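**Student:** Numbering (the working numbering), first residue to last: 497 to 768.
Warning: the hint list may mix true and false statements.
As the list claims (entries may be wrong) - Straight line, CA to CA, 27 Å or less: simulated DSSO-like cross-link-like pairs of lysine-lysine: (1) K644 x K674; (2) K612 x K639; (3) K767 x K667; (4) K678 x K608; (5) K668 x K678; (6) K758 x K712; (7) K639 x K650; (8) K712 x K667; (9) K712 x K652; (10) K667 x K639; (11) K712 x K614; (12) K712 x K664; (13) K639 x K652; (14) K667 x K714; (15) K639 x K664; (16) K712 x K644; (17) K714 x K678; (18) K712 x K668; (19) K767 x K712; (20) K667 x K650; (21) K572 x K612; (22) K668 x K652; (23) K548 x K578; (24) K572 x K758; (25) K674 x K614; (26) K614 x K652; (27) K767 x K612; (28) K548 x K608; (29) K712 x K639; (30) K548 x K664.
Said to hold, decoys possible - Pair by pair, the computed Cβ-Cβ distance ranges are: (31) K712 x D642: 18 to 24 Å; (32) A569 x Q682: 31 to 37 Å; (33) I727 x D641: 20 to 26 Å; (34) K674 x E697: 23 to 29 Å; (35) Q673 x S573: 40 to 46 Å; (36) P658 x A568: 30 to 36 Å; (37) K650 x K614: 31 to 37 Å.
The set of hints was computed from the structure by calculation and includes no laboratory data.
Bear in mind that the values here come from a model prediction, so they are computed numbers and not experimental data.
For every residue, glycine included, the Cβ atom is placed at its ideal position computed from N, Cα and C.
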Amino acid sequence: MSVNLTPTRRRAAAAVLTAALLVPLAACGNEDDTKKGTGGSTASGSASAAPKANLTVLAAASLTDVFRTAGAAYEKSHPGTKITFSFAGSQELVAQVAQGSPADALVTADTKSMDKVKADTGTPVIIARNRLVIATGEGNPHKVDDLKDLADTKLKVVLAAPEVPAGKYSKKVLDAQKITVKPVSQEPNVRAVLSKVELGEADAGLVYKTDAESAKDKVDAVEIPDAQNAIAEYPAATIKDSGNAEAAAAFVAWLSTPEAQKILQDAGFQKP
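Please put together the full structure from these sequences, using the hints given.
**Tutor:** Shown next as structure tokens:
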């Protein structure tokens, strides 16, 4: 009987600790930080206050490069803290949280994915935004100019699967323009789409702008006009079952600080 109750007690304790930390963090922030739901003063200046811990952060695949940079910066300003990232499609990450996989924080590429595990997480905060582009081979050999070109059956187009945030955004923009695309494959995450284009296994694919930027020496990015595009939002939240509730909350709060925001925006992400 006691074994069955342990996860519940642990979740309740983690929730209390997380809430207790986030209240003072928010109170210390400026007005803009408060509106975002995170305390701005928890930047590198609060390193001594953040408890040391080994954190596991589940993060959307499109955050792979920038979060490695961000994680190194956080560890440098918070000695004693080690962050291990697990990158995958948001739908995979959500499934892991729902199944109780050990982790401390979650960052998805859309709010709908985060909403599916709202009972398992703290209150999420949007840390960044992104937008879609058309990725083509270097030099754009097939002369892809806009979304309509993706309907060409002679063109090998790859998309993210419909259950993946990038796939949902892709479907949204294509449906809005009444464009029918028959992809040669549908990938489990946006990085897999990018890889197909990089390797020449696809002529074009819809990816996030930041993905194309990360591989700009291998692919070209064709911009999609704002009126035809979709904006991706990235919410971050602590996981209630975390055994490092305070440290996890400190990291999530740090993602909204000027230091972290500069790293994100230098990588091409938009302001939250």
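**Student:** Mind listing which of the numbered hints don't hold for this structure, in increasing order?
**Tutor:** Per hint list: 2, 11, 21, 25, 26, 28, 30 and 37 violated.
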